[in-house]
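Undergrad: The chain contents come next:
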Amino acid sequence: MVSWIFDVPTWEFAALTSGAFILFSWLGAIFARPILRPLLGGRSSLNDIVGYILSIFGVFYGLLLGLLAVAAYQGYGTTQGIVAKEASSLAALRRDIAAYPEPERQNLTWLLRDYTRYVVKQAWPLQQRGIVPKGGDVRMTAFQERLLRFQPMTAAEEVMHAETLRQFNVYYEARRMRLQSVGTSIPGTMWYVVFLGAIANLVLVWLFDMSLLSHLFLGGLLAAFLGAMIFLIADMDNPFRGAVSLSAAPFEPILSDLMED
Amino acid sequence: MVRRPRLSRTVLAVAAVCAALLSGCDGRLLEKLFTPPPGPTPIRIGLLHSQTGTMAISETGLRDAEELALLEIDAAGGLLGHPVEAVIEDGRSRSADIFPRRARKLLSEDKVFALFGGWTSDSRKAMAPIIAEAKSLLFYAVQYEGNECAEGVIYTGSTPNQQILPALDWFLGDAGGRRRRFYLIGSDYVYPRTANYVARKYLASKGVEVVGEAYVPLGSHDFRRPIAELRGTNPDVVLSTINGDSNVDFYAELAKQGVGPDELPVVATSIGENEIRSLLPSQVAGQWVLANYFQSIDTPANRAFVDAFRSEFGLDRVTDDPMESAYVAVKLWKLGVERAGTTDPQTVLAALSKGASIEGPGGTVRFDPRTRHLAKKFRLGLVREDRQIAVVHESPEPIEPDPYPAFAFPGWRCDWTQGPPVAGAPIDLSAGSTPGR
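Protein chains in written order, with the numbering used here: chain L, 1 to 261; chain V, 1 to 437.
Simulated from the structure, these hints should not be mistaken for laboratory data. Cβ atoms here follow ideal geometry from the backbone N, Cα and C, with glycine treated the same way. Misleading hints may appear alongside valid ones.
[To be verified] A partial selection of chain V residues facing chain L, derived with a Cβ cut-off under 10 Å:
| hint | residue |
| --- | --- |
| 1 | G53 |
| 2 | T60 |
| 3 | D64 |
| 4 | I73 |
| 5 | E89 |
| 6 | D90 |
| 7 | R224 |
| 8 | I227 |
| 9 | L280 |
| 10 | S311 |
| 11 | D316 |
| 12 | S357 |
Bound-form chain L, shown alone:
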């Protein structure tokens, strides 16, 4: 899907999608319908045939849109889960390092704060622009380097250190998954099928023998609904972009906590 839609305010994008479909439907009803219907013979039974085809087509197209909407929502939900897991493992890591003796505790806290600050203030805005942030890698490496320099002196410190390393790996895995999900979206080819299907739907409606007013009302209604569905899928498609997107809120309390530490 084109990326510029995420830069347009939600209401503008919703109005644009529905409006474009309504306009297409109305233009067709006014200009294409008088040509298309006689072309197909203009028989009185044509309404039944068109209705029959439209109902079959509607089932398949509805399934396609429904499945896409579910896939987009599931993708959003899965990413939301990844972000929640990442934030909770970061909070756990933050608690683990609080148990280290000084000066390691402070050093690790500063490095973890540096990383968390980057995630909230720099990485998230980049993700919202569809860019995979890269500055976190170096901060994670710095944290890991410092963590690995710690030499446990007691059995309790050994256990604590092992747990911190395990937690670090859990965190790192969740982080990788989040970064991988930055660029995931419905393939462009699929979008062409969706748009072609919507156009076919509206073209079929033009073939009905109704008054122009009925065409404008019923066709416009269907077009508005199709536009709204497509808007919904598009807006949920990329979990980090647009109005329906994941924010850095799960990380903000951790950063706030680290800032005051």
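We have chain L already, so just place chain V on it with the hints.
TA: Only chain V this time, still in chain L's reference frame:
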């Protein structure tokens, strides 16, 4: 009678409408209609410091101070009507290969207008030819050994005559206990070796003995033997040019061997509040630090700087001398761009060369167009129990920079207002050195 239209015309009409809608789907048409007009292009600068490896302990603070200066510039409306954007790279504490490679990438691929980077002199020397070739600017914010006046490099850290030599004078005088047996220890690279050469020459000119000199690899963590050797020479003061996280191990080992500041004071050129935070107070309190800036300086400008830094990066963060220099470097570049009315590096340099001074957190600093260094105050500090540094002595006025003090570099001269630097007699950095036992 309804006239039956021709099929091809109808198909074409429908196809045209469909194509119009699909072209909207592809986005080119709608993108043009709905994309807001682009904002001002950001002015990009490069920040190249070691964020990992042995130098990360020191250099990460520089990156943060530079980011703070950029945030302040953007908050005040940007520069020439443009926001300023930092492209940040990690030098990975590898001066020879990563620093020049990343510097080249920043200049040629990221098209940055100026580079702020480095800590070790090796990293600066590795970047300098690339800067000269690109006719760009490198702002280098760390105190260094002098003996250099590289094209395109603006040195906002101090030279030995602004840091080491005033400290030696102080320790030679009554206030410093009239010390006469100096031991020089440093990391094994160009800064410590050259700085110690300058110190040795200076002490020799005063008739004072250097009882020993030792170097440890950069990144070294084992100081048992170097400290044992140092103690064997019975010095009454140690001048340390150890860099990076080796400092933590050096002071920890001193404390472990029971060598306190009363018995053997250590005067360090390359540690500050940022490195000291990695030590326990018992390991470092009472030791000496040379700098132009300490966080404890009680002036409104410094309080504002420290408060701004802490509110951005954490309430327990500290500021130190190279961080202040890095912050001043960005502000100096901003001043140059504003005066030049362009980001073109050579025009910015020319604008600064007409005379520029900045009211920094550590006081007023003045750009010297001859050497492209800053005139700044010297300060000698003592580490307190809270790991802050108390100012014990400071020069009454900013000291003019001198990258080639005549007693150490006879015949060498740097005056860019007259032309490129003039080379003097060849220098043997090991001349007169006394290896530690």
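Undergrad: All the hints need checking, so say for each whether the structure fits it.
TA: Now for the hints, and whether the structure bears them out:
1. G53: holds (7 Å)
2. T60: holds (7 Å)
3. D64: Since the shortest Cβ distance to chain L is 8 Å, the answer is holds.
4. I73: violated (16 Å)
5. E89: Holds. Min distance 9 Å.
6. D90: holds (4 Å)
7. R224: violated (16 Å)
8. I227: Violated, about 20 Å.
9. L280: holds (7 Å)
10. S311: Status holds, d = 8 Å.
11. D316: holds (7 Å)
12. S357: It is violated, given that the least Cβ distance between S357 of chain V and chain L is near 32 Å, above 10 Å.
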